[in-house]
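Participant: Protein chains in written order, with this note's numbering: chain L, 1 to 114; chain V, 1 to 112.
Worth flagging that the hints you see were computed from the coordinates, not collected in a lab.
Glycine is no exception: its CB is placed at the ideal position from the N, C-alpha and C atoms.
Just to be clear, a hint being listed does not mean it is correct.
[What the hints assert, rightly or not] Below 30 Å or equal to it, Euclidean Cα-Cα: the simulated DSSO-like pairs (lysine-lysine) are:
(1) K57(L) with K5(V)
(2) K57(L) with K68(V)
(3) K71(V) with K57(L)
[What the hints assert, rightly or not] Chain L residues, not near chain V, derived (Cβ > 12 Å throughout):
(4) K11
(5) R31
(6) S58
(7) F65
(8) G72
[What the hints assert, rightly or not] With the Cβ distance kept under 7 Å, some of the chain L side facing chain V (calculated, not the full set):
(9) L39
(10) Q41
(11) G42
(12) P70
(13) K71
(14) F74
(15) A88
(16) I101
(17) P107
Each chain, written out:
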Amino acid sequence: DTGVSQDPRHKITKRGQNVTFRCDPISEHNRLYWYRQTLGQGPEFLTYFQNEAQLEKSRLLSDRFSAERPKGSFSTLEIQRTEQGDSAMYLCASSLALAGIREFFGPGTRLTVL
Amino acid sequence: DQQVKQNSPSLSVQEGRISILNCDYTNSMFDYFLWYKKYPAEGPTFLISISSIKDKNEDGRFTVFLNKSAKHLSLHIVPSQPGDSAVYFCAASFQGAQKLVFGQGTRLTINP
Numbered sequence: 001d002t003g004v005s006q007d008p009r010h011k012i013t014k015r016g017q018n019v020t021f022r023c024d025p026i027s028e029h030n031r032l033y034w035y036r037q038t039l040g041q042g043p044e045f046l047t048y049f050q051n052e053a054q055l056e057k058s059r060l061l062s063d064r065f066s067a068e069r070p071k072g073s074f075s076t077l078e079i080q081r082t083e084q085g086d087s088a089m090y091l092c093a094s095s096l097a098l099a100g101i102r103e104f105f106g107p108g109t110r111l112t113v114l
Numbered sequence: 001d002q003q004v005k006q007n008s009p010s011l012s013v014q015e016g017r018i019s020i021l022n023c024d025y026t027n028s029m030f031d032y033f034l035w036y037k038k039y040p041a042e043g044p045t046f047l048i049s050i051s052s053i054k055d056k057n058e059d060g061r062f063t064v065f066l067n068k069s070a071k072h073l074s075l076h077i078v079p080s081q082p083g084d085s086a087v088y089f090c091a092a093s094f095q096g097a098q099k100l101v102f103g104q105g106t107r108l109t110i111n112p
């Protein structure tokens with residue numbers, strides 16, 4: 001299966017700790033997106049990359065959040081000094097720029113901040 | 001500011017009947033709409049899409065209708081099957097935007 005993969009699938013951490021999530025997109029996809037989903041809501045856009053360039057960031061992405069895609073392949077999302085409000089499902093998606101806006105999603109990383 | 005709204009949190013339909021899921025949007029710049037289906041512990045999976053130049057798109061049991069004047073779209077599933085039980089998200093985008101704006105989702109339950 002060459003779909004989008006995310007690691008870890010679940011993360012429990014204490015408030016104030018740093019966490020890092022990884023996303024591996026579909027190999028030929030040059031666009032990569034991060035979304036956050038809280039209970040009872042749809043996914044909310046956080047940021048996206050085209051190749052290694054981060055082209056847009058949502059205002060939801062506070063300065064405690066940083067995302068990278070160093071070689072235009074996998075991406076990492078780091079949250080520093082986690083807060084209980086950061087508890088959510090973090091979804092990664094990828095797409096091919098010339099194939100339109102259809103995005104393929106990974107299974108997500110569920111973060112619980114105690 | 002909820003630009004894409006799914007006002008029904010849940011819907012229950014009998015197997016074999018038609019399921020109709022609704023979605024409203026407020027941003028007139030949206031010109032491309034998608035429906036995603038989500039099972040528990042999985043990411044959303046693409047179901048069907050429609051461009052604003054069309055008012056209907058059909059794929060097997062799934063049909064999406066777009067009413068631009070009303071800023072409304074709907075997803076019809078017929079006949080409904082137990083495997084269709086999932087959360088359905090409506091999403092929208094527009095030319096030049098490289099992101100999707102999602103509704104809150106509707107949980108569809110198909111009863112045998």
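Participant: Does each hint fit the structure? Answer for all of them.
Facilitator: Now for the hints, and whether the structure bears them out:
1. K57(L) with K5(V): Answer holds: K57(L) to K5(V) is near 23 Å, not above 30 Å.
2. K57(L) with K68(V): Given pair K57(L), K68(V) holds - Cα atoms ~29 Å apart, limit 30 Å.
3. K71(V) with K57(L): 27 Å, holds
4. K11: Its Cβ never comes within 12 Å of chain V, the nearest being 15 Å, so this holds.
5. R31: 7 Å, violated
6. S58: Contrary to the label, S58(L) does not stay out of reach of chain V, its closest Cβ about 8 Å off (not over 12 Å).
7. F65: Its Cβ never comes within 12 Å of chain V, the nearest being 16 Å, so this holds.
8. G72: 15 Å, holds
9. L39: 11 Å, violated
10. Q41: 6 Å, holds
11. G42: Result: holds, 3 Å to nearest chain V Cβ.
12. P70: Violated, because the Cβ-Cβ distance from P70(L) to chain V comes to roughly 20 Å (cut-off 7 Å).
13. K71: 20 Å, violated
14. F74: 16 Å, violated
15. A88: Hint violated; A88(L) Cβ to chain V Cβ min 14 Å, cut 7 Å.
16. I101: Result: holds, 5 Å to nearest chain V Cβ.
17. P107: 5 Å, holds
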